[in-house]
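Colleague: For the sequence shown, the numbering used here begins at 323 and goes up steadily by one.
Just to be clear, a hint being listed does not mean it is correct.
Unchecked claim - Each pair of labels, with its calculated beta carbon distance range:
| id | residue 1 | residue 2 | range |
| --- | --- | --- | --- |
| 1 | G470 | R534 | 30 to 40 Å |
| 2 | K548 | I397 | 20 to 30 Å |
| 3 | A429 | R451 | 27 to 37 Å |
| 4 | R565 | E415 | 25 to 35 Å |
| 5 | F513 | P390 | 23 to 33 Å |
| 6 | Y582 | P390 | 18 to 28 Å |
Said to hold, decoys possible - 30 Å max Cα-Cα, derived DSS-like pairs, lysine-lysine:
| id | residue 1 | residue 2 |
| --- | --- | --- |
| 7 | K549 | K590 |
| 8 | K403 | K549 |
| 9 | K484 | K598 |
Everything labelled a hint here was simulated from the structure, so no lab data went into it. Every residue, glycine too, gets a C-beta built ideally from N, C-alpha and C.
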Amino acid sequence: MHSKDRIDYGKGLCGRGSTPRWIAPAFLLPALLWVAPVGTDGRFESPGYDTYRPTALPPFRVPPDPQPLFDSHDIIDVSLKFDLLTVRREVGEDREQHPATLSYTNADGELVSLEATVKTRGRFRRDTRNCEFPPLRLDLRKARFPEGQLDGTLFEGQNELKLVCHCQDNSEAHEQFVLKEYLAYRVYQLFTDMSFSVRLARVTYVDALGRRDPYTRFAFFIEDEKKMAERNEAVVLDSVGVRHVELEDAQATLFSFFQYFIGNTDWKVSVLHSVKLRDLNMGFPSAVPC
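Produce the entire structure from the sequences given, and follow the hints as far as they go.
Modeller: See the structure below:
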């Protein structure tokens, strides 16, 4: 039983065969009201705070590009055609971009096909000891492909997109993990706009060389980090070494509590592990789970 058969949203957000609780225990709620000691200027009182310096933001004179892909939460059906076996084997550091065709049927019933490239990404899930099918990155940048090919399509305004895939080919449980991870992103969006937009999809993977039959699994697209920053009038930070106490207070508390809420301990701000930083030019970087 796979993606077209059913969606079981009732197994929680994460865990291997267990059902995590969606509602945090009552004794954790005071954490939301926790206030760290601050100095007279509103900063955390922390020795050596000056490791971080805010970045000057560019002027935002025009609104962000439209992103129709993330205007709806309806499940979309797409086809992704590429050299399936070769791409799946590229899990080392010398990975390459491979040509691909991304197709879907629009609201008028017309087939839309877009040129793209795909490349494996990630760390843990890229390791074949952990996953048979690695996560992918799609490149739709205008410089690579026919000018205007995205105009008027579902993918208008997109450059690069992460695609979270199913990890194991013949495992219903791993498809459920994809759905739970998708829901985690959606839940965080309820609390703050400083979060990644996502879109759930049924993806039919087609081998360009016909060496295996097409098959369909659940996956979801994640908004490009620069698009998310632009939407929040912020800039992306790649500053390694930022300490947790140097983050913007309210966002850091929300970030930390949410990670506990979904049972995720696999993150670390200082090395940007499962964390993206944004600068709103407020003197503090903001943490975003990813």
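Colleague: Run through the hints listed earlier and report the numbers of any the structure violates, in increasing order.
Modeller: 3 and 6
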